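Protein chains in written order, with the working numbering: chain Y, 1 to 202; chain D, 1001 to 1202.
Since no wrong hints were added, every one of them can be taken at face value.
Over the 12 angstroms line for every Cβ pair with chain D, so calculated as not near, a few chain Y residues:
1. G18
2. R28
3. P29
4. S36
5. A66
6. F101
7. P164
8. E177
9. Q190
Result set (DSSO-like, lysine-lysine): computed pairs, CA atoms no more than 30 angstroms apart in a straight line:
10. D:K1019 <-> D:K1065
11. D:K1113 <-> Y:K65
12. D:K1115 <-> Y:K115
13. Y:K115 <-> D:K1167
14. Y:K65 <-> Y:K33
15. Y:K19 <-> Y:K167
16. Y:K167 <-> D:K1115
17. Y:K113 <-> Y:K167
18. D:K1167 <-> D:K1115
19. D:K1065 <-> Y:K113
20. Y:K19 <-> Y:K65
Bear in mind the hints are in silico, worked out from the structure with no lab data behind them. On a predicted model such as this, the values are computed, not experimentally measured, just so you know. No residue lacks a Cβ here, since even glycine has one placed at the ideal position from N, Cα and C.
Okay, here's what each chain looks like letter by letter:
2 protein chains.
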Amino acid sequence: MARHFAGGTLVIATHNRGKLAEMEDLLRPYGVKVVSAGALGLPEPEETGTTFEANAELKALAATKASGLPALADDSGLVVPALDGAPGIYSARWAGESKDFGLAMARVEHELKGKRDRRCYFVAVLALAWPDGHIETFRGEVHGSVVFPPRGTRGFGYDPIFLPEGKSETFGELASEERMAVSHRTVAFQQLVEACFRPQRA
Amino acid sequence: MARHFAGGTLVIATHNRGKLAEMEDLLRPYGVKVVSAGALGLPEPEETGTTFEANAELKALAATKASGLPALADDSGLVVPALDGAPGIYSARWAGESKDFGLAMARVEHELKGKRDRRCYFVAVLALAWPDGHIETFRGEVHGSVVFPPRGTRGFGYDPIFLPEGKSETFGELASEERMAVSHRTVAFQQLVEACFRPQRA
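Extracted from the complex, chain Y is given alone in its bound form (with noise of 0.2 angstroms):
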């Protein structure tokens, strides 16, 4: 069984304020106050692991360790089986220091030229680590195929070329509320609370 979330404060190991924003409008319902990594000047570790896993680990641990408090990482990605899993655990890397997605989503077309196969999902996995040590993670999928041209203008990173499985509409497409029904960031968090989080009487 795992270990639940005392109470009190939680550092966010992200530098990016959407997921911080994002985090804790979730996490509101849980009593659960949020601080961000970068909001308390603690460094952001290389992501030097090999599986989604190990990276979300590396942060939360990373940033457990420098603040004292327990901290909640995420570390997410676009998988393509026809191009050996990529690019993986490099989505964001593929976008490049200047976070052009639209290039990162020209690369995937270009590396998909002459396959047939098109079929990718998101992965995301929170890790939730305790300054003892103790870590808790959990993991979202949410499977689709690779389209092209991109379409649509919501959500970001590759969404607009991520169709999602039942559906005509990208997630650049669907409207926000649709788009996390079945994300693969929703699906994680709920694992999350349901595992380590109790909901607080008003």
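On the provided structure of chain Y, position chain D as indicated by the hints.
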């Protein structure tokens, strides 16, 4: 149509004596003299690519640039779809500095706990680069499944946990000739020679 190798000396971009000997044997019928990057004192480039193709290309380009001669490099690994493609391009690195593939195989077993899908495949990509920057790449794959515990003492790397499709013996158990007949390296090599080399008459 692929560019042909015009004859003369080819640099094999490896510091591994076993790989060099294998290439030397394979290329002898084509009248190719080979020299290793190690023997020329060329530095080993960092494998910063995010795909097998990218790593093979950067190794071949580094060797041709440093030597002024055409250069052949390979990149290979084991892809496990249930692990999002891991260890993939990290296959050698999972074995650590001490090249302990017992450790690497144990890690595959650990990561696969609770996952039913045991399909996997070996990939080999060969890249042949010329001093003017022209480059050709060739890919071989062999599909099968991961089995535990490891079986057999032949081959190297992940061979003892790789059961090829349609066989009852792992790559660690099969006789060398039988393994070579279906191996990912053989498939990649056959494509390379068909595209770029002409057999020499005795």
